[in-house]
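Undergrad: So you can see what is in the structure, the chains are spelled out below.
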Amino acid sequence: MLDPSSHPHLVLLVDDDVRTSRRMADMLREDGFAVEIARDGAAAVARLARAPVPDAIVTEFNTTHVDGTAVGHFARARRPGIPIIFATGYPQLFQPGAFGSEPPLVFTKPVDYASLRDALTSALSRANPTEVTERDLSALATAVRVQSTSTDD
Amino acid sequence: MTKETRFQELKRYVRFNERDATLLVAFGRKAAPEFPRIAREFYDRIREHSEAHDVFTGEEQIARLQRSLVLWLARICGGTYDEAYHEQTSQIGRVHVKIGLPQRYMLTAMALIRVALLRIADRDTGEEAAAIREALIRVLDLELAIMLETYKDSYVDRIRRVAREEQVDLGKALARTEHRYVNAVELASVLIIGLDAAGKIQLFNREAERVTGYARDELLGQPFVSALGAQDADERLPRQLTEGLAGALESQWVEGTLRTRSGKLRGVIWNLAFAGQQAGDDVVLFAVGRDITDARAMEERTRQAEKLAAIGTLAAGLAHEIRNPLNGAQLHVSFLERAIKKKASEQDMLEATRVVGDEIKRLANLVTEFLDFARPKPLQRNDVSLLKLCEHAKTMVSAQAEAAGVRLSADLPNSDLVIQADQAKLLQVLLNLLKNAVDSAETTGGAVTLRLRRSPLQAIVDVEDDGPGLPSPDAPIFDAFFSTKEGGTGLGLAITHRIVSDHGGTVDVQSQPGKTVFRIALPLGNAEDLAP
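Chains as they are written, first to last, in our numbering: chain Y, 1 to 153; chain L, 1001 to 1532.
For reference, chain Y alone in the conformation it holds in the complex (with noise of 0.2 Å):
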């Protein structure tokens, strides 16, 4: 468990199902984090493109405009070895090779609070992210249209 008085540690989840991301973010927030919500793969990299960039991430792969291994390869690119959960009910979409020497974890829908809450903390305590600056930010932006399923709304 993190120590609250401490700089809590931002959580960005994103999911469709706002109602239930709401109520992980109530009890994430009791346990510590600091947490922000997207509903769509869209708004999570418009969130993971501003400061300040979130110290861990999770997300299901079916999102809708942007899939999750785009929004994953976002975040990695906003800030290199950040934690990357996928909280999913397609785990068959997983590629491991995706994402280099720090794999993401996955955790296959109904996910455990507990166990899911414990995975972050363990790998929040591991992580040594750097931010990106505001220079490269064109550059991954770009990489992030080459690699989403964006579709127009």
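Possibly wrong hints are sitting among the right ones.
[Said to hold, decoys possible] Below, simulated SDA-like cross-link-like pairs (lysine to any residue); rule was C-alpha separation at most 20 Å, straight line: (1) K1485/L <-> I37/Y; (2) K1485/L <-> H65/Y; (3) K1342/L <-> M27/Y; (4) K1342/L <-> G32/Y; (5) K1307/L <-> D1502/L.
These are computed hints drawn from the structure, not numbers from a lab.
On the provided structure of chain Y, position chain L as indicated by the hints.
TA: Coordinates of chain L only, in the frame set by chain Y:
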């Protein structure tokens, strides 16, 4: 006493004697210097007659023959008229046949020679002149008689030889043709069975042996139907064979089964061809069959594999759709557990309980819709008034539309359209489309229009909304578990598509931001004729 030769007999006939021989020798000595002239004039005359001239190959040959003619003239005045002489003369007749000189030219040519020689003889007025003339006439007629005789013999030989060669050629051609047809029948990878008028097997090819396991000797003369257990469920094959044997085939194609020697059943597609009562052949009907057992088995395996693949895709989609509500329920139960432990507010706990209940309902609804999609009940067709159905559907959705702030209107014809259809299922289709349209229009606070009209052969129902439109024109919106709506099962349009297809109709969509039209076209007339 030795038998008189033909030459001796001829000489006796014309009374050619030693005196003639002596006279001819004397004549020859005197006439010899003129022989080259006679020969030249002879061939000059031939050049004037194209048919005679055509038998020669060229001037070189003519020059050679001219020399031969000189030698021949010398020979007939040679004084020796024995069998060797006869043989040489015979040779001339054979050569004429060989080069194809018509017989009439032999006769007329001899007239030329005769005139030329007699003119020379006429120059002498001595007492021997008449005798020389007679000797010349005798020897020339002997020549002619021998030449004609051998010409005829040689000609007949030649005709016989040609006939014999033609006979041999004909035989070879027949053998070749037979060999070709036998090969075609034996090497063909189709069963070829020839039946006589009584339906008994008279021809049984190699492929038929291979497929049935019978040797042809075992089956020749046996009735086709009983020997091979050839049959099908409704006895079409035996009936068509009977028709075929009578030359009154209704359809050439018929499917049946064969019982092989080992008792296995093979499926065969037969093509029956009536040959009729041909002279000398008792086969009147050919049954040409293709063994389709393996192909059918392959098709069945492919169908099975495709079915399994489709089930796999469905199962993956279903799993995801189950996992999401389970995830929601699970998380809220975790929250409740924590809330109970720390005695949280009743409001929060009630809210979490409600969510769990919702998720369970969502799962139950998913199971119902999935079954509806995966195992649809057969259509219950009745006369359905599309006008009333549209009005009914509009009424049922109006409350939802009002709540969403969406204007719902209907554009319906004055006269009714009645089709044979499953009313409940068509209502489900209309409700699906109308609810989707209301959801879509809700984001813009817009309008939904339900339209019904008639085209010559179809009833057309349009559901139009002015919402943002489909995310992509290529989105597989009719695929199971494709959904762009939060909380949707992704089965609504898949079910819609299935129901409309089952009615023999089509459903299409045209979408752009501000205007999306789902169009259902249902066949008028007897829908049962069009649907499977």
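Undergrad: Keeping to a limit of 20 Å between CA atoms, is the pair of K1485/L and H65/Y held or broken?
TA: Holds, at about 13 Å.
Undergrad: Keeping to a limit of 20 Å between CA atoms, is the pair of K1307/L and D1502/L held or broken?
TA: Given pair K1307/L, D1502/L holds - Cα atoms ~18 Å apart, limit 20 Å.
Undergrad: Holds or violated: K1342/L with G32/Y, Cα cutoff 20 Å?
TA: OK: K1342/L and G32/Y at ~16 Å, within 20 Å.
Undergrad: Starting from K1485/L, check that the Cα of I37/Y is at most 20 Å away, please.
TA: Cα-Cα ~19 Å, so holds.
Undergrad: Hinted pair, alpha-carbon criterion (20 Å max): K1342/L, M27/Y. Please report holds or violated.
TA: 13 Å, holds
Hint compliance for this structure: no hint is broken.
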